[in-house]
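These are the residues of each chain, in order.
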Amino acid sequence: MLEILTKMPAKRSAVIAGAVALGLLAIATWVLFFQSSEEPSTPVLLLGSGATFPMEQVKAWASQVSKVHPWLQVEYAGGGTGKGQNDFLLGIVDFACSDVPLKAADWEKAKAQFGGVYQLPMILGGVAVVYNIPEVPPDVNLRLTAEVLADILLGKIEYWDDPRIRELNPEVSLPRARIVFVHRSDASGTTEVFTTFLSTYSAEWREAVGAGKTVKWPLDELGRGVGAPGNPGVAQAVKTTPYSLGYVELAYAKGLGVAAIRNRAGRFVLPSADSIRAAAAGAVSITDAGANLADLRILESILSSSSPEAYPIASPSYLLVKSPSAYPPEKRKAIAAFLEFVFSRGQSSENIVEGYVPIPESWRQLGLQAASKFKE
Amino acid sequence: MRLHSLKRAVLDRVFLAVTASATLALLAVGAFIVAISAVESFPVIAALGPALFIEPPGLPGGEFGGLGPVLVSTAVIVSLGVLVGSLIGVPVGILMSECRGSWLARAADAALQAISEIPSVVVGLVVFVVLVLPMRTPSAIAAAVSLCITALPYIAAQTRESLAAIPLSYREAAFSLGLPRWKAVLRLLVPMNARGVATAVLLGGARALGETAPVLFTAGAAFSAFYGLIGPSSTLSLLIFYFAPSPYENWRRLAWAAVLLLVALTIVLSSAVRRLSRGVKM
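These protein sequences, in sequence, are chains A and B. To convert, note that position 111 of the first sequence is 111 in the numbering used here; the numbers rise steadily by one, no gaps. To convert, note that position 106 of the second sequence is 106 in the numbering used here; the numbers rise steadily by one, no gaps.
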C-alpha cells in the first residue's frame with residue numbers, strides 16, 4: 001500500500017488526500033449538524049426513584065413522553081422520599097422525586113458532588129377533610145377551621161353538635177353524636193401535610209402533638225381514633241363508619257362529605273384544582289431552583305397562603321436533577337426532553353392524572369429554565 | 001399389666017394423631033398457598049390470557065398490562081446467576097468430595113457454610129456496595145451476581161453429596177485401572193453422576209428464583225422493559241415486593257399473577273430435582 005502511494009504521481013495522491021479530507025469534513029458536518037439536532041438513534045433510559053405520592057403521575061408522564069420521543073424511556077421505581085433522596089445522593093439514579101426539598105446538609109453534599117442540583121416543584125396535591133354524617137345532605141359542605149379541627153383532634157370537642165361547630169355551620173342541623181376520627185395507620189406524607197397544617201394554625205397542637213409522617217393521635221387514647229392503611233383504607237373506613245371524620249388525598253374524597261376549610265384570608269374554600277393551585281401561587285416565590293430550598297419553608301407558606309381563593313391544605317412534590325455537567329451527553333439530552341415535557345405539555349389537563357393538580361405558571365417557567373440549561 | 005399396655009396403646013394413638021394432624025396441617029398450608037394464588041390471580045389471567053407473558057405492567061390504577069419484560073429479566077438474571085454459580089459451585093463440590101479432609105476442602109466447606117448462613121439481605125447489600133455504587137446504576141449483572149452468591153452453597157453442597165453417594169468400589173475400580181485421580185473424577189465419577197450435578201444446578205435455580213432480598217438493592221426496579229445486562233432490571237419476586245403493597249388494584253392483581261407463576265415454576269423445578277435425585281444411575 002505504502003509502495004503504491006509513494007510510486008503514485010504527486011498530483012494523484014493530492015487528489016486522494018483531498019477526497020479523504022472532503023469525506024472527513026462531510027462526516028464531521030453530518031455529526032455536528034444532524035446528530036446534535038436529531039434525536040439519538042439508540043434508546044436512552046432515565047432511572048428515577050423516590051416519593052410514592054406522585055408515582056401515578058410520574059409513571060403517566062413516563063409513558064406519555066415515550067410517545068412523543070420514542071428514543072426516551074423513563075423508569076420510576078418509587079420506594080419513598082427517603083429512598084429517593086438517598087439514591088440520588090449515592091448517584092445511582094438519574095433523577096429523584098421528593099415530597100420535601102433536600103435538607104441543607106444534603107443539599108450541600110449534592111452540590112459538592114454533582115456541581116449543583118435543581119429541585120423543581122412539579123405537581124401539587126391536596127388533602128381533603130372528609131366526614132360521614134348521615135343527617136347532613138350530600139349537597140351541603142360542612143365548614144371547618146384549623147382551630148376547630150385541632151380542638152376536635154385534641155379531644156376538646158367531642159360531639160358533632162358542639163357550639164363551636166354549629167357556630168361555623170348555622171344552617172346545618174347537626175346530630176348529637178360522638179366524633180370518630182379515622183387516621184392513617186402507616187407512615188404517610190398525607191399525615192405529615194395534614195399535621196403540619198394543624199401545627200401552622202394551632203400553637204396548642206404544635207406543642208402537644210406536632211407534625212410528622214406518624215404522630216401520636218390524642219384521640220387514640222380516648223378510644224375515638226382508629227387507624228386505616230393508605231388513602232383507600234381511610235376513605236373506606238369513613239364511608240362505613242357513621243359520624244366519622246378523616247383526611248385523604250383529594251382523589252380519594254369521592255362519595256364522601258368534604259369540608260370547606262377557612263384559609264388565611266378568612267374564606268371557606270373547598271379543595272379543587274383551582275383552589276389548590278391558588279394556594280401554591282400565593283406561596284413564597286422560588287427565584288433559583290438551584291438554591292437551597294429547605295430554608296424557604298415552601299410548605300408552610302402554601303399552608304398559610306394569603307390568597308383569598310386558596311385551599312390551605314396543599315403540598316408540592318419535587319423533581320430532583322443534578323447539574324447538566326454531571327450527566328453524559330445522551331442523558332443530558334434525555335433530561336432536557338423529559339423536563340421540557342413535564343413542565344409544558346405534562347401540565348395540561350389531558351396529561352394530568354385524576355387527583356393531582358398542575359403547578360402554577362411561575363413554577364413551570366422554573367422547570368423550563370432548568371430544561372434549557374440541559375440543552376446548551 | 002393390662003393397664004400398662006392400655007396406656008401404651010393410648011399413647012401410641014395420641015402420638016399418631018398428633019403427627020398425622022401436623023402433617024395434614026402442613027399439607028393444608030401448601031394447598032392453601034397454591035389455591036389462594038390461583039384464586040387471587042384468576043381475574044388477571046382470565047382477562048389477559050397470553051398477553052400476560054408479553055405486555056409490560058400497566059400504569060398504576062390503569063389497565064392490567066402483563067409481566068413480559070419482568071419474565072425476560074428474571075430468566076436472564078436467574079440463568080446467568082446459576083450458570084456462574086455452577087461454574088464455581090460444581091468444581092468446589094468435586095474438590096470437597098474428592099479431597100475430603102484437605103485444608104482447602106475444609107476451608108471451602110467453612111466458607112460455604114458461612115455464605116449459606118448469612119442472611120441473604122446482607123449479600124444484597126454487599127453487592128450493592130461493591131458493584132452498584134461503582135457502576136452508578138443498579139443492573140441485571142449486579143442482581144445475577146448476588147443471586148449467584150446465594151445459590152452457590154446449595155450447588156456446591158448438592159454436588160458434594162451426590163458424588164459422595166457413589167460406592168467406593170467404583171472408585172477402587174477406576175484407580176486399579178491406573179487412572180490418575182483427576183481422570184478418575186472427570187472421566188468416570190462426574191459422568192456417572194451427571195444427574196447429581198444437574199440436580200445441584202436445578203436446586204440452585206429454584207433457590208435463586210425465589211430470593212428477593214439479594215435483588216432488592218441490586219436489580220433496580222425497572223419493570224417496563226429489559227434494558228440489557230448493565231441496565232436496571234427486575235425479577236418476579238421483586239415485582240411482588242413492589243406491587244403487592246401498592247394501593248393500585250391492577251398492580252396487586254399482577255403481583256398475584258407473579259406469585260402463581262413463581263409457585264408453579266418452583267413446583268416444577270423441585271419435582272424435577274426430586275425425580276433426578278432419586279438415585280445415582282450406575
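Be aware that one or more of the hints could be misleading.
Here are some, though not all, of the chain B residues that point toward chain A, as calculated from beta-carbon distances under 7 Å [claimed, not checked]:
{"no.": "1", "residue": "Pro-50"}
{"no.": "2", "residue": "Phe-53"}
{"no.": "3", "residue": "Pro-56"}
{"no.": "4", "residue": "Pro-60"}
{"no.": "5", "residue": "Arg-136"}
{"no.": "6", "residue": "Thr-137"}
{"no.": "7", "residue": "Gly-228"}
{"no.": "8", "residue": "Ile-230"}
In short, the hints are calculated from the structure, not lab data. Where is the CB? At the ideal position from N, CA and C, for every residue including glycine.
Do the hints match the structure? See the list:
The criterion of a C-beta within 7 Å of any C-beta in chain A is not met by Pro-50/B, whose closest approach is roughly 22 Å, and the hint is violated. A least Cβ separation of about 20 Å between Phe-53/B and chain A goes past the 7 Å threshold, and the interface hint is therefore violated. Below 7 Å, beta-carbon pairs count as interface contacts, and Pro-56/B has none with chain A, the closest being about 10 Å; its hint is therefore violated. A distance limit of 7 Å between C-beta atoms decides the matter here; for Pro-60/B the minimum to chain A is near 5 Å, and the interface restraint holds.
A distance limit of 7 Å between C-beta atoms decides the matter here; for Arg-136/B the minimum to chain A is near 5 Å, and the interface restraint holds. The criterion of a C-beta within 7 Å of any C-beta in chain A is met by Thr-137/B, whose closest approach is roughly 6 Å, and the hint holds. For the restraint placing Gly-228/B at the interface with chain A, the shortest Cβ-Cβ distance is roughly 9 Å, beyond the 7 Å limit, so the hint is violated. Checking Ile-230/B against chain A: minimum C-beta separation of about 11 Å lies over 7 Å; hint violated.
Checked against the numbered hints given earlier, this structure breaks hints 1, 2, 3, 7 and 8; the rest are met.
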